[in-house]
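Enquirer: These are the residues of each chain, in order.
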Amino acid sequence: QQPVQSPQAVILREGEDAVINCSSSKALYSVHWYRQKHGEAPVFLMILLKGGEQKGHEKISASFNEKKQQSSLYLTASQLSYSGTYFCGTEITGNTPLVFGKGTRLSVIA
Amino acid sequence: DTAVSQTPKYLVTQMGNDKSIKCEQNLGHDTMYWYKQDSKKFLKIMFSYNNKELIINETVPNRFSPKSPDKAHLNLHINSLELGDSAVYFCASSQVGNGYTFGSGTRLTVV
Numbered sequence: 014q015q016p017v018q019s020p021q022a023v024i025l026r027e028g029e030d031a032v033i034n035c036s037s038s039k040a041l042y043s044v045h046w047y048r049q050k051h052g053e054a055p056v057f058l059m060i061l062l063k064g065g066e067q068k069g070h071e072k073i074s075a076s077f078n079e080k081k082q083q084s085s086l087y088l089t090a091s092q093l094s095y096s097g098t099y100f101c102g103t104e105i106t107g108n109t110p111l112v113f114g115k116g117t118r119l120s121v122i123a
Numbered sequence: 011d012t013a014v015s016q017t018p019k020y021l022v023t024q025m026g027n028d029k030s031i032k033c034e035q036n037l038g039h040d041t042m043y044w045y046k047q048d049s050k051k052f053l054k055i056m057f058s059y060n061n062k063e064l065i066i067n068e069t070v071p072n073r074f075s076p077k078s079p080d081k082a083h084l085n086l087h088i089n090s091l092e093l094g095d096s097a098v099y100f101c102a103s104s105q106v107g108n109g110y111t112f113g114s115g116t117r118l119t120v121v
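If you're matching them up, the sequences are chains W and R in order.
The number in the working numbering is simply the position in the first sequence, starting from 1, with 13 added.
The number in the working numbering is simply the position in the second sequence, starting from 1, with 10 added.
Among the clues, some could well be false.
[As the list claims (entries may be wrong)] So the derived list for chain W, only partly shown, Cβ under 10 Å to chain R, looks like this:
| no. | residue |
| --- | --- |
| 1 | S19 |
| 2 | V32 |
| 3 | L58 |
| 4 | T109 |
[Said to hold, decoys possible] Simulated pairs of lysine to aspartate or glutamate, DMTMM-like, Cα-Cα distance not exceeding 25 Å:
| no. | chain 1 | residue 1 | chain 2 | residue 2 |
| --- | --- | --- | --- | --- |
| 5 | R | K46 | W | E53 |
| 6 | R | K81 | R | E92 |
| 7 | W | K50 | R | E68 |
| 8 | R | K29 | W | E53 |
| 9 | R | K50 | W | E71 |
| 10 | R | K51 | W | E53 |
| 11 | W | K50 | R | E63 |
| 12 | R | K32 | W | E53 |
| 13 | W | K115 | R | D48 |
| 14 | R | K81 | W | E104 |
| 15 | R | K19 | W | E53 |
| 16 | W | K50 | W | E79 |
| 17 | R | K77 | W | D30 |
| 18 | R | K32 | R | E68 |
| 19 | R | K46 | W | E104 |
| 20 | R | K54 | W | E71 |
| 21 | W | K115 | R | D28 |
| 22 | R | K50 | W | E104 |
| 23 | W | K81 | W | E27 |
| 24 | W | K115 | R | D80 |
| 25 | W | K39 | R | E63 |
| 26 | W | K50 | R | D48 |
| 27 | W | K63 | R | D40 |
| 28 | R | K29 | W | D30 |
The hints are simulated quantities; they were obtained by calculation from the structure and are not laboratory data.
Glycine included, C-beta positions come from ideal geometry on N, C-alpha and C.
Excised from the complex, chain W in its bound form:
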């Protein structure tokens, strides 16, 4: 079942922060986050396995609340290069393929 992402779109000025949310109605094995720029392939950002962990990648970090089956992606001090569409993908088990949300379009302007 497809995870639900919010918001659908967000516009930021450079230096501002943003949070993108992803929720599932099913118990999850993992949550993935990807960024896709226009005309390019999705690029892996990070994976969060069940256990309620939080991970970081430069100024981009994420959390996974296993009890609520929710994950959030945090972008701090946004840069122009952060623009793109962010997808969360969820796995029910380690052997099932990722099911992606509909994406969040992030635009960072100067």
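Fit chain R to the supplied structure of chain W, relying on the hints for placement.
Expert: Below, chain R alone, put in the same frame as chain W:
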């Protein structure tokens, strides 16, 4: 070296034709996938395949078939192409517990 490579990058064909898209990965990953991305950017899983198991999304028409000659290759064959098949098709690979590496995509246009 390209980790996951797809060919061709662009494919324009007429309705009713049969076409194939090739995918190769040199990462040593056990599992490969095909995803379809439509005009609304929705990424939909079509197939996943490893040495032991083929998982088929039940909503995928049987005109689509994956063919894997070996662990490093997962090709996509499409019969009797329809206008609605126009989309970008992405191949990807992964190991359990790790992120997916996507190919650069094949833009299929059916006319």
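Enquirer: Next step is simple, just say for each hint if it's right about the structure.
Expert: Hints and how they fare:
{"no.": "1", "hint": "S19", "in the structure": "violated (16 Å)"}
{"no.": "2", "hint": "V32", "in the structure": "violated (20 Å)"}
{"no.": "3", "hint": "L58", "in the structure": "holds (8 Å)"}
{"no.": "4", "hint": "T109", "in the structure": "holds (7 Å)"}
{"no.": "5", "hint": "R:K46 <-> W:E53", "in the structure": "holds (14 Å)"}
{"no.": "6", "hint": "R:K81 <-> R:E92", "in the structure": "violated (30 Å)"}
{"no.": "7", "hint": "W:K50 <-> R:E68", "in the structure": "violated (29 Å)"}
{"no.": "8", "hint": "R:K29 <-> W:E53", "in the structure": "holds (22 Å)"}
{"no.": "9", "hint": "R:K50 <-> W:E71", "in the structure": "violated (29 Å)"}
{"no.": "10", "hint": "R:K51 <-> W:E53", "in the structure": "holds (12 Å)"}
{"no.": "11", "hint": "W:K50 <-> R:E63", "in the structure": "violated (32 Å)"}
{"no.": "12", "hint": "R:K32 <-> W:E53", "in the structure": "holds (18 Å)"}
{"no.": "13", "hint": "W:K115 <-> R:D48", "in the structure": "holds (11 Å)"}
{"no.": "14", "hint": "R:K81 <-> W:E104", "in the structure": "holds (22 Å)"}
{"no.": "15", "hint": "R:K19 <-> W:E53", "in the structure": "holds (11 Å)"}
{"no.": "16", "hint": "W:K50 <-> W:E79", "in the structure": "violated (29 Å)"}
{"no.": "17", "hint": "R:K77 <-> W:D30", "in the structure": "violated (44 Å)"}
{"no.": "18", "hint": "R:K32 <-> R:E68", "in the structure": "holds (22 Å)"}
{"no.": "19", "hint": "R:K46 <-> W:E104", "in the structure": "holds (18 Å)"}
{"no.": "20", "hint": "R:K54 <-> W:E71", "in the structure": "violated (29 Å)"}
{"no.": "21", "hint": "W:K115 <-> R:D28", "in the structure": "violated (30 Å)"}
{"no.": "22", "hint": "R:K50 <-> W:E104", "in the structure": "holds (22 Å)"}
{"no.": "23", "hint": "W:K81 <-> W:E27", "in the structure": "violated (31 Å)"}
{"no.": "24", "hint": "W:K115 <-> R:D80", "in the structure": "violated (32 Å)"}
{"no.": "25", "hint": "W:K39 <-> R:E63", "in the structure": "holds (23 Å)"}
{"no.": "26", "hint": "W:K50 <-> R:D48", "in the structure": "holds (15 Å)"}
{"no.": "27", "hint": "W:K63 <-> R:D40", "in the structure": "holds (22 Å)"}
{"no.": "28", "hint": "R:K29 <-> W:D30", "in the structure": "violated (45 Å)"}
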